[in-house]
Amino acid sequence: MNLTKEQQDILDGKQGDVLAKVMQTLVRYGEVFGADAMVPVTSKYNHLVTSFGLKALAPVYELMDKLIESGNVSKQKFSADPRPLDPNVPSSFLQNFVFKNFMYSKQEDYEKQLEQIGIMDKDAYTCTCYMDEVGNTPAMGEVLSWSESSAVVYANSVLGARCNRNSGIIDLMGSVAGYVPRFGLLTDEGRKATWVVKIETTKKPEAQLLGSAIGMKVMADVPYIEGLDKWLGGELDEAAKTYLKDFGAATASNGAVGLYHVENITPEAVKYGKDLVAEGAKVYVVDDAELQRVYDSYPVIWKKKDATPKLCFMGCPHMSLNQLIDWTKKVEQGLKEAGKTKVCIPTVFTAAPAVLKKFEETPYAAVLKKTGVITSYICPLMYMNNPLSGKMPVITSSNKLRTYTSARYYTDEEILEQITKGGAER
Amino acid sequence: MKEFKGRVIAEGTVDAKALVSHGGLNTLASFQKALQFGDKKATCGDQNNPDLYGKQMAGKALCLPATIGSTTGGLVLYCACSMGRQPACMLFSEPIDSLAAAGAILADVWLENSKMPVIDSLGEEFLAYVKDDMNITVKEGGVVVCQS
Chain D
1 MNLTKEQQDI LDGKQGDVLA KVMQTLVRYG EVFGADAMVP VTSKYNHLVT
51 SFGLKALAPV YELMDKLIES GNVSKQKFSA DPRPLDPNVP SSFLQNFVFK
101 NFMYSKQEDY EKQLEQIGIM DKDAYTCTCY MDEVGNTPAM GEVLSWSESS
151 AVVYANSVLG ARCNRNSGII DLMGSVAGYV PRFGLLTDEG RKATWVVKIE
201 TTKKPEAQLL GSAIGMKVMA DVPYIEGLDK WLGGELDEAA KTYLKDFGAA
251 TASNGAVGLY HVENITPEAV KYGKDLVAEG AKVYVVDDAE LQRVYDSYPV
301 IWKKKDATPK LCFMGCPHMS LNQLIDWTKK VEQGLKEAGK TKVCIPTVFT
351 AAPAVLKKFE ETPYAAVLKK TGVITSYICP LMYMNNPLSG KMPVITSSNK
401 LRTYTSARYY TDEEILEQIT KGGAER
Chain Y
427 MKEFKGRVIA EGTVDAKALV SHGGLNTLAS FQKALQFGDK KATCGDQNNP
477 DLYGKQMAGK ALCLPATIGS TTGGLVLYCA CSMGRQPACM LFSEPIDSLA
527 AAGAILADVW LENSKMPVID SLGEEFLAYV KDDMNITVKE GGVVVCQS
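First to last, the sequence lines map onto chains D and Y. Under the numbering used here, think of the first position of the first sequence as 1, with each following residue one higher. Under the numbering used here, think of the first position of the second sequence as 427, with each following residue one higher.
Calculated from the structure, these hints are not laboratory results. No experiment lies behind these values; they were computed from the predicted model shown. Do not rely on the hints blindly, as some may be mistaken.
[Unchecked claim] Cross-link-like lysine-lysine pairs, in silico, BS3-like; alpha carbons within 27 Å at most:
#1 Y:K443 / D:K106
#2 D:K66 / Y:K466
#3 Y:K459 / D:K55
#4 D:K106 / Y:K428
[What the hints assert, rightly or not] Pulled from the structure, derived: some chain Y residues nowhere near chain D, Cβ distances all over 12 Å:
#5 D441
#6 K459
#7 D534
#8 S574
[Said to hold, decoys possible] Chain Y side only, calculated, beta carbon under 7 Å to chain D, not exhaustive:
#9 A484
#10 G485
#11 V535
The beta-carbon is built from N, C-alpha and C at its ideal position, and this holds for glycine as well.
Pulled out of the complex, with its shape left as it was, chain D reads as follows (with noise of 0.2 Å):
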């Protein structure tokens, strides 16, 4: 790998040893995928994917003190995944004590950790940084140093930037020396697509279902979608960066896709249409029946396959805030339908702090109350990720929480259906 001048000389120690492990590690992991240069993160903001206090991961705070104290911080603010913990979800007293004192007992003193190194504000806690709300949306372009699955395919197509799917610690590890090493979707030729994905489904498919179905088919590689801009009105409005956000977060999760492009929608299709198609790309069609497979594939894992649900999980990545409002809609109709005025089942619907506190200044945020929904910031996957939870029967619509938990997926249409009529066979 080519290196500047600068870069050999915090390679070869001068700004000190720790500066020098943290560029070894950054130029041994572009070495690993080819990279030819270290080139300079260019964006405003880092987000980490690391937000949880979680003691088993006390090696990775020892590793967080000797940045502090070596004095190498991040040099840019930046904000992190959703906070594992909120007084306001539903959790048994079982649950608080296992939370508080074995699993998330580090989370005071990691907060501190991140202040130190340099977190945007108390509330930059979302994987959903990039919403216009929270205010990390980076430009078409720019290079990232993030992590986060949902966030790095979410930038990298609907926003145009450039990051590779790194694993927590390279994130932050990015950000503390200024660059990030050049390969894969960090080149031109790295985000050609080598599958062309035809949609031909007589309705709207599923956002979360067609995602899960591509990221399995495609995993780590790079398709182009053709046929679902008519699905999205043709134009990357709120409603379509919604869509995609879900989409997105499903191809990541269900598989390992960094980067997709939607013809005549995401902004590098718009610009270089087919010529981004890499020769010899293959081709999966997705129709009605497709997805239906897709959705009959997944695994219910609870113990009890009938339990009644005892929570509803939305906003796996955090919700939006025209979807919060859109969602509000649907339950007091569906509400009303049923002539109830309560939610069914306890539903916690995600967001991140700074959506959520729009979403106070509408008049919705009154309507949503009434219908018992809970609003909270908190992270669902970290809700889950223990046996405790995982023994509950938790019913979403995201497929990423599905694919990381013991969280049954129901498509929105049916987790409307659940949590304002009570039930919904499948």
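Since chain D is already given, all that's left is putting chain Y on it; use the hints.
Quick look at chain Y alone, frame taken from chain D:
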């Protein structure tokens, strides 16, 4: 006995019994319980991986195609190494993925007493040949010897 050659991601030599996953290793799902609840054997907690679920990963020659799952994967692997609950080595049939590479390199650069040789690109034939409990020897230069 059969010998395979791959690319060295993290150097080192080791002898260990094989543990084989034909599907991707979900690092977070596999290691979280072990790291959280003090299981020194690092019993695999990933219910979606029938090859590994319930089996001891610490000290084994973990043979796999790639890692999958959360992008916390690299730091989870780093933590496993730091706590001495890592596999004896990781042997990938495919070119290594970015999460596993990050974990292997973080451990190699930042930890002094927790070495875990990592070899990738060993080929499909390697994963087809190797079986649980085979004797694995990792030699210098990315050479892996499997024998029953």
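Comparing the hints with the structure gives:
1. Between the alpha carbons of K443 of chain Y and K106 of chain D the distance comes to roughly 36 Å, so the proposed pair goes past 27 Å and is violated.
2. In summary, the hint linking K66 of chain D to K466 of chain Y is supported, as the alpha carbons are separated by about 26 Å, within the 27 Å threshold.
3. For the hint pairing K459 of chain Y with K55 of chain D, the CA-to-CA distance comes to about 11 Å; that is within 27 Å, so the pair holds.
4. Taking the CA atoms of K106 of chain D and K428 of chain Y, the gap is about 47 Å. The hint is violated against a cut of 27 Å.
5. In this structure D441 of chain Y is separated from chain D by more than 12 Å, as the shortest Cβ-Cβ distance comes to about 25 Å.
6. With a cut of 12 Å on Cβ distances, K459 of chain Y falls inside the contact zone with chain D, its closest approach being about 8 Å.
7. With a least beta-carbon separation of about 8 Å from chain D, D534 of chain Y fails to lie farther than 12 Å from that chain, contradicting its non-interface assignment.
8. Interface exclusion of S574 of chain Y from chain D stands, the closest Cβ pair being 32 Å apart, more than 12 Å.
9. For the restraint placing A484 of chain Y at the interface with chain D, the shortest Cβ-Cβ distance is roughly 15 Å, beyond the 7 Å limit, so the hint is violated.
10. Among the interface hints, the one on G485 of chain Y is violated; its C-beta lies about 19 Å from the nearest C-beta in chain D, farther than the 7 Å criterion.
11. Using the Cβ-Cβ criterion of 7 Å, the hint placing V535 of chain Y at the interface with chain D is satisfied: the shortest such distance is roughly 5 Å.
The structure fails to meet hints 1, 4, 6, 7, 9, 10 from the earlier list, while all remaining hints are met.
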